[in-house]
Amino acid sequence: MLEIKKRYVIPGDVIIEGNYRPLMNVIKKDNFIIATRIGIAESSKDGIKVIPLSGVYIPRINDIVIGKIVDNSSLSWEVDINACFSAHLPAQDVFGRDFSPAKDDMKKRLAPGDLVTARIITFDRTRDPMLTIQEKDLGKISNGEFLKISSTRVPRLIGKRGSMIQTIEQATQTRILIGQNGILVVTGKNDEGIALAFKAIKLVEEEAHTSNLTQKVKDLLNVSEEITQTETNNSSVNNEDYVNNSNPDNNSNNMENDHSSNINTESPKDVQPH
Amino acid sequence: MDQTILIDENGKRTDGRSIDDLRDVKITIGVLKNADGSASIEFGKNKIIVAVYGPREVHPKHMALPDRCVLRCRYHMSPFSTDTRKNPAPSRREVEISKVMREALEPAIMLEDYPRAAIDVFVEVLQADGGSRCAGIAAGHPPERGNGELR
Chain A
1402 MLEIKKRYVI PGDVIIEGNY RPLMNVIKKD NFIIATRIGI AESSKDGIKV
1452 IPLSGVYIPR INDIVIGKIV DNSSLSWEVD INACFSAHLP AQDVFGRDFS
1502 PAKDDMKKRL APGDLVTARI ITFDRTRDPM LTIQEKDLGK ISNGEFLKIS
1552 STRVPRLIGK RGSMIQTIEQ ATQTRILIGQ NGILVVTGKN DEGIALAFKA
1602 IKLVEEEAHT SNLTQKVKDL LNVSEEITQT ETNNSSVNNE DYVNNSNPDN
1652 NSNNMENDHS SNINTESPKD VQPH
Chain B
5 MDQTILIDEN GKRTDGRSID DLRDVKITIG VLKNADGSAS IEFGKNKIIV
55 AVYGPREVHP KHMALPDRCV LRCRYHMSPF STDTRKNPAP SRREVEISKV
105 MREALEPAIM LEDYPRAAID VFVEVLQADG GSRCAGIAAG HPPERGNGEL
155 R
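Chains as they are written, first to last, in my numbering: chain A, 1402 to 1675; chain B, 5 to 155.
Fair warning: there could be bad hints in the mix.
Claimed, not checked - Pairs of lysine to aspartate or glutamate residues, derived as DMTMM-like cross-links and limited to a Cα-Cα distance of at most 25 Å, are as follows:
hint : chain 1 : residue 1 : chain 2 : residue 2
1    : B       : Lys37     : A       : Glu1546
2    : A       : Lys1600   : A       : Glu1546
3    : A       : Lys1429   : B       : Glu116
4    : B       : Lys37     : A       : Glu1607
5    : A       : Lys1430   : B       : Asp117
6    : A       : Lys1429   : B       : Asp117
7    : B       : Lys65     : A       : Asp1529
8    : B       : Lys37     : A       : Asp1481
9    : B       : Lys37     : A       : Asp1525
10   : A       : Lys1509   : A       : Glu1479
11   : B       : Lys65     : A       : Glu1608
12   : B       : Lys37     : A       : Glu1606
13   : A       : Lys1429   : B       : Glu110
14   : A       : Lys1549   : B       : Asp124
These aren't lab readings, by the way, just hints derived from the structure by calculation. Fair warning: this is a prediction, and the values are worked out from it, not measured in the lab.
Same shape as in the complex, but just chain A (with noise of 0.2 Å):
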C-alpha cells in the first residue's frame, strides 16, 4: 500500500486516490478519500483516517473515561462524561448480579456528584453509552482537582509512551489521572505541586500543535521547582534527578508510575479502536 505522509487537511480535502479504506473521519466517494475534520491524515495497513485536531468527544468502544454522575434510576446512573451523550452505568455492575432495586441503595454507593473512572464497554450511536467500573483501577475517586481540557489534547498531554506526562508527574509529585473524554483529576501531597501541574497540563493544551513541546513543559517546570540542575539531554536522567532532590517519599512516586502506565495503555495512539 502506498504510504501517505502524515499531512494537515481540512473537510473536503483529497487525501488520496485509490481503493483504500476509510476509517475514522473520512469518507470514500468515486475511489477518492476525502476529509471530513480538520486534523492529521495517516495512512496505515487498515487504511486512511484523520485523527482530529479540534471539537467535541464522541465516545468511543475501550475509551477509559472519568465522568460524574448526574443521577440514578431504578436500575442504573446516569453518568456526564463531557460528550454529547449521557452514559449509563447499570447497577447490576456496581452491585453484581443479585442486585435488587427495593434491597439496595444506589444513592450509597455513588451519589450524584460523585466522579468515577469508568470504561465504555457498547456504544453505537444510536443508543446511549454503557460503561463499566469492574476492572482494575476503574470506580469511583476520592479525592484529587478537577481539570478539563479538549478531548483532542489527550493524545498529546500522555505523549509517546506516556513519556510527557509522566515528566508532569515526577516534576510536580503528583497523579494525573486521565480519561479520553478530557476530564482529568490531579492528586498530590501539597498544593503548589498541584498548581505547578495544572500550569504545565494547560501550556500543553494551548500549544499541543508546536514542536519542542516536551522541552518547553520542562523548562516551565524547572524554572518554577527552582532547580539548579545543568541542562541534561536524557530526559529519564533528569526525572530521576527530581525525585532523588525533592521528595523524601519515593515509594508513592512508584505508584504514581505504574498507575499512569496502566492508563497510557488505552490511550489513542496505541489502541485505535475503527
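Since chain A is already given, all that's left is putting chain B on it; use the hints.
Just chain B now, with coordinates in the frame of chain A:
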C-alpha cells in the same frame, strides 16, 4: 427630475469602488474561548460574530431526531448595530433569516453522523451595513466545518 446616481461618469460607486470591487473582508477564527468553534467577520462595515456549539445534547429532549443531528441557528442583530436602536426581541425578519441560514448551512454538515445530538449556531450582528446574512453564513462555515480552532 433628479435621479439617484449609483455609478458616476468614471464608473465608480459612491464609496469609490468600481462595479466589480468587493468590500474589504476580514475573517478571524477562534475568537471565543468557550465556544466549540467561533469566527468573526468584517465585511465592509458589517461586524458579525458567530459561535458554534456541539454536537451536544439536545434540550428540550423531544427536539432530538433519531436518525440525524438537529441544526439550530439564531441570527440576531444587537440593539446598537443600526443607526436607530433596534428592539432586541427577535423580529419576523430575524426569525426568517435564522431559518434561511440553517438551510444554507445544513448541506455542509454531515448531520447523519451525530444522531440524537444538536449543533447550535449563534450569529450576532454587532454592526450592520447590508448583506449581513450572507456575511453571517460565510462566518458560520469555517467554525462549523473545523470547529474553528485552526489558529
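Against the structure, the hints:
Using a Cα cut-off of 25 Å, the hinted pair Lys37 (chain B) and Glu1546 (chain A) holds, with the two alpha carbons roughly 22 Å apart. Annotation: proposed proximity of Lys1600 (chain A) to Glu1546 (chain A) holds, straight-line Cα distance about 13 Å (limit 25 Å). Restraint check for Lys1429 (chain A) and Glu116 (chain B): the C-alpha separation of about 16 Å stays at or below 25 Å, so the hint holds. Taking the CA atoms of Lys37 (chain B) and Glu1607 (chain A), the gap is about 11 Å. The hint holds against a cut of 25 Å.
Taken as a hint, the Lys1430 (chain A) and Asp117 (chain B) pair is honoured in the structure, with Cα atoms around 16 Å apart against an allowance of 25 Å. With a C-alpha separation of about 14 Å, the suggested pairing of Lys1429 (chain A) with Asp117 (chain B) holds against the 25 Å cut-off. At roughly 13 Å between alpha-carbon atoms, Lys65 (chain B) and Asp1529 (chain A) fall within 25 Å of each other, so this suggested pair holds. At roughly 22 Å between alpha-carbon atoms, Lys37 (chain B) and Asp1481 (chain A) fall within 25 Å of each other, so this suggested pair holds.
Our distance criterion of 25 Å between C-alpha atoms is broken by Lys37 (chain B) and Asp1525 (chain A), whose separation comes to about 30 Å. Between Lys1509 (chain A) and Glu1479 (chain A), the direct Cα distance comes to roughly 15 Å. Compliance with the 25 Å bound is thereby established for this hinted pair. Of the pairs offered as hints, the one joining Lys65 (chain B) and Glu1608 (chain A) is violated, with about 37 Å between alpha carbons and a cut-off of 25 Å exceeded. For the hint linking Lys37 (chain B) to Glu1606 (chain A), the alpha-carbon distance of about 13 Å falls within 25 Å, and the restraint holds.
Proposed proximity of Lys1429 (chain A) and Glu110 (chain B) is supported: the alpha carbons are some 20 Å apart, at most 25 Å. Among the hinted pairs, Lys1549 (chain A) with Asp124 (chain B) is consistent with the structure: their alpha-carbon atoms are about 21 Å apart, no more than 25 Å.
Comparing the model with each earlier hint shows violations of hints 9, 11; every other hint is respected.
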